[in-house]
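Each chain, written out:
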Amino acid sequence: MVTVKVNGQERSFDGDTSMPLLWFLRDELGLTGTKFGCGVALCGACTVHLDGEAVRACGVAMSDVGGKSVTTIEGLHPTGDHAVQVAWRNVNVPQCGYCQVGQIMQAAALLAKTPAPTDTQIDDAMFGNICRCGCYQRIHTAVRAASKGA
Amino acid sequence: MTYQRNQQDVTLANVSRRNMLKGMAGTGAFVLAAQFPAIRSAMAYATGAEKMPHGVVTNPHIFVSIDKDGIVTIVAHRAEMGNGAARTSLPMIVADELDADWARVRVAQSPGDEETYGNQDTDGSRSVRHFIQPMRQVGAGARKMLETAAAKRWGVDVGEVQARMHEVVHKTSGKKLGYGELAADAAALPAPALDTLKLKSPSEFRYIGKGTIPIVDLHDITTGKAIYGQDVRLPNMLYASIERSPVVGGKVASLDDSAAMKVPGVVRVVKIDGTPAPAAFAPLAGVAVIAKNTWAAMKGREALKITWDDGPNGSFDSVAYKAMLEENVRKPGRLERAEGDVDAALKSAAKVVTAEYYSPHLAHATMEPPAATARIENGKLEIWTSVQSPGGARDDIAKRLGFDQKNVVLHNALLGGGFGRKSKWDFAIEAALLCKALEGAPVKVVWTREDDIKHGFYHTVTAERLEAGVDKDNKVVAWRHRSAAPSLFANFQPDDKYPGFIELGMGFVDTPFNVPNVRLESGEAQSHVRVGWFRSVNNVAHAWAIQSFIAEIANELKRDPKDMLLELIGPARIVEAPKKATTEWWDYGEPYDVYPVDTGRLRKVTELAAEKAGWGKKMAPGTGLGIAAHRSFVSYIATVVEVAVDAKGNITVPRVDTAIDCGFYVNPERIRSQTEGAAVMGLSLAKYGEITLKNGRVEQSNFDDYQVIRHYESPAVTNTHIVENSIDVPSSGVGEPGVPPFTPALCNAIFAATGKRIRRLPIGSQLA
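Residue numbers (the working numbering), protein chains in the order written: chain H, 6 to 155; chain V, -18 to 749.
The hints are simulated quantities; they were obtained by calculation from the structure and are not laboratory data.
Be aware that a few hints might be false.
Computed from the model, here is a short list of chain V residues facing chain H with C-beta under 7 Å [said to hold, decoys possible]:
no. : residue
1   : Trp276
2   : Ala346
3   : Arg430
4   : Glu657
5   : Val661
Pairs of lysine to aspartate or glutamate, EDC-like flavour, derived with a Cα cap of 20 Å [said to hold, decoys possible]:
no. : chain 1 : residue 1 : chain 2 : residue 2
6   : V       : Lys273    : H       : Asp21
7   : V       : Lys243    : H       : Asp21
8   : V       : Lys273    : H       : Glu33
9   : V       : Lys243    : H       : Asp19
10  : V       : Lys303    : V       : Glu505
Cβ coordinates follow ideal geometry from the N, Cα and C atoms, glycine included.
My request is simple: use the sequences and hints to build the entire structure.
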């Protein structure tokens, strides 16, 4: 039995603990905001916060999350108005939108640690989040807009 | 409104007509028996829309409902895959003509049903091009109904009233009634005849052409509430992961599923039969593992022991195929178009420039891998998925499973990327077949990224050979172009080994250059893999070869590449559809007199992109500018790429300038996002994109060996310069046309920076 806090709520899981956190969130809890993109931590679509760190939910097994705290997009901000979410809307970032949750979670984790990142720090932090529609220019602008001193 | 969600059960709600009647009749919504008035009479110009299956529907009763509180619900009948056309731009057109307050407009997604809504096949960059006029009529029709209802209520002539920003005003008395107060009366009126509608003049537009309205799903996307095909959940749903034949046309020779069945959570293993070619969008042969969650289905699938009978494509090899294609463009091929005498002109030319280009198969790699969910209850099959052609998919699935069309409902979620992949609904057929095998139990088919990369409908592989004859005055007098690429038509008919008229029309037989002797030929190219349309389709390879070649000619003649390009385009003129073309002159399905090839417009975007990019400015060592221009999807686009190449051959793109003439434009904000995205997609395919096969099997599998552009290497800035046109200039495509000119502009820039000419894609390590 694994117990894990998801968006502040205690959750338990007694299935196959090799199951990635991704499928626990999506299939068991119905938190489909966290997206499935590649399954092997190459695209970042499933980025969530594990004890405050951005991780790929597809690459973290349930056996590794016991006693930890997970934040998904559904728990990032009660009304969806985290500075990153607001910036994303102000810049009209998304096209299809599928990768954007992962992008937002990654950017939120970056800014929590580095409130005023350099361009290179943004490039490095966002390296693992692919956008096939090609919204990178706007993603960069939005991260910058959400950062301190923007 | 469109998507309802609760914690345990995420499904899609939609506005099938039944729901609309049930949910809105009591609230005074427009809900009358459908009338389908003649559509052509009030169109300012004809388009190919009417020739598409089920044409266009302009009835306000179908597309607009208003409740008593004045909330206007507009139906989005096409698929939303990220360009914003389906769920934002088209409803915005309706709202503008309706003079509705956008803050009180909701958008509801229609199910797949072309009889009711008209054509839903969302590809070919057609949404705004085909539906700006019908959606204006829908909005103007609904506005007229509200005005008529108000005039009746007040006992005045309808000429005395005017709808204005969500209310109808009596001009002389100043009396007002809100749209909600009029909805019930208006809903009881017949749809007005189209020739009685008064469309707004462009100066009256509130939303069209302004670019001030964000996409309707923006909030849901940024809060994780937006629902894609992968996200659909039904009560007691099962999950399926399918091991498919690694070779197209292969089948299961033997199967041992005993270990798979022992994986906890696995409930069934179901075989799916393949279909002999031409198989259209039928699923590949496969074995599905069905389980209580996705992970168990994947683990069960890994435990399957299958031997495959590969069939006739099991020896297919991309290296050998490349050599064969190249050989086939070095000899005469099937004639597609001829003017003058190319052989004589090449023989007598002062100089002949020759070059060959090769571009490989590509996978679409939409961020959302394909997915579909199906359930059968009381003889009714329901499908929840993300497809570009929901109506076509529904009809095909009904036929394949032996259901009456009425008993199949296809709910279309948001598409997490389309790019042409989701025009093929093989995954939705899989879900329906598995659901049937499970006696109707709800089941979701989840494609993995590996499934997506290995079992796509790939962008075609192409070999091109171009020869230009130049006379003693440095004028190009002969142009011979041979192209060989397996055809997507092989999905639908016996493979004749040559391109179809659609493929030829995409930047090949429509080459508009001012050259007296032209000969265009196709080389033989048998199909061994599933080829499918990919954003811009054959334009990608054709434009890359042609626009690179023009820069090569310029280099040979020591001319400026932009001047050379303009000289080949020639003076501004309407190109006559060439009478000597041996194949049909296909102009993206449009009437040629409405959408002719206009070299003046091609010149204009070329000059505009060059001017905005500062063409001719002094460039630092290791940097360069490249230019390319191309007409596709009846739009005109030119792109200038600035590139920097370091000593190790690494490419960076600090700036892109794209000029687009897409006729009268509706949503400039989304046009900009499309050109920005096209630059990224163009850079992906140029730098990395390549699907190869060995022993009939795709060698790539995920984003490690099929790379796409990431954040740090994206073009830093793409500037979009949109040509202003009056509403009389027919609207044309936006989603696709940005891709073709990018790659040649990039390669021309690389040449300017390094002197190295790229003739084989992807660039990979060629600059190292």
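Run the distance test for Lys273 of chain V versus Asp21 of chain H: straight-line Cα separation, threshold 20 Å. 12 Å, holds
Let me know if the C-beta of Arg430 of chain V comes in closer than 7 Å to any C-beta of chain H, holds or violated. Since chain H brings a Cβ to about 4 Å from Arg430 of chain V, closer than 7 Å, the hint holds.
Can the hint on Ala346 of chain V be confirmed by a CB-to-CB distance to chain H that is less than 7 Å? With a minimum Cβ separation of about 6 Å from chain H (threshold 7 Å), the hint on Ala346 of chain V holds.
Do the alpha carbons of Lys273 of chain V and Glu33 of chain H lie within 20 Å of each other, as the hint requires? This hinted pair holds, its Cα atoms lying about 10 Å apart.
Is the interface hint for Glu657 of chain V satisfied, with its Cβ closer than 7 Å to some Cβ of chain H? 5 Å, holds
Min Cβ distance, Val661 of chain V to chain H: is it shorter than 7 Å? Status holds, d = 3 Å.
Would the hint on Trp276 of chain V be counted as holding, given a Cβ-Cβ threshold of 7 Å to chain H? 4 Å, holds
Lys243 of chain V and Asp19 of chain H: Cα distance at most 20 Å? 18 Å, holds
20 Å Cα cutoff - pair Lys303 of chain V, Glu505 of chain V: 12 Å, holds
Measure nothing beyond the straight line between the CA atoms of Lys243 of chain V and Asp21 of chain H; if it is 20 Å or shorter, mark the hint as holding. 13 Å, holds
Going down the numbered hints, you'll see the structure goes against none, and every one checks out.
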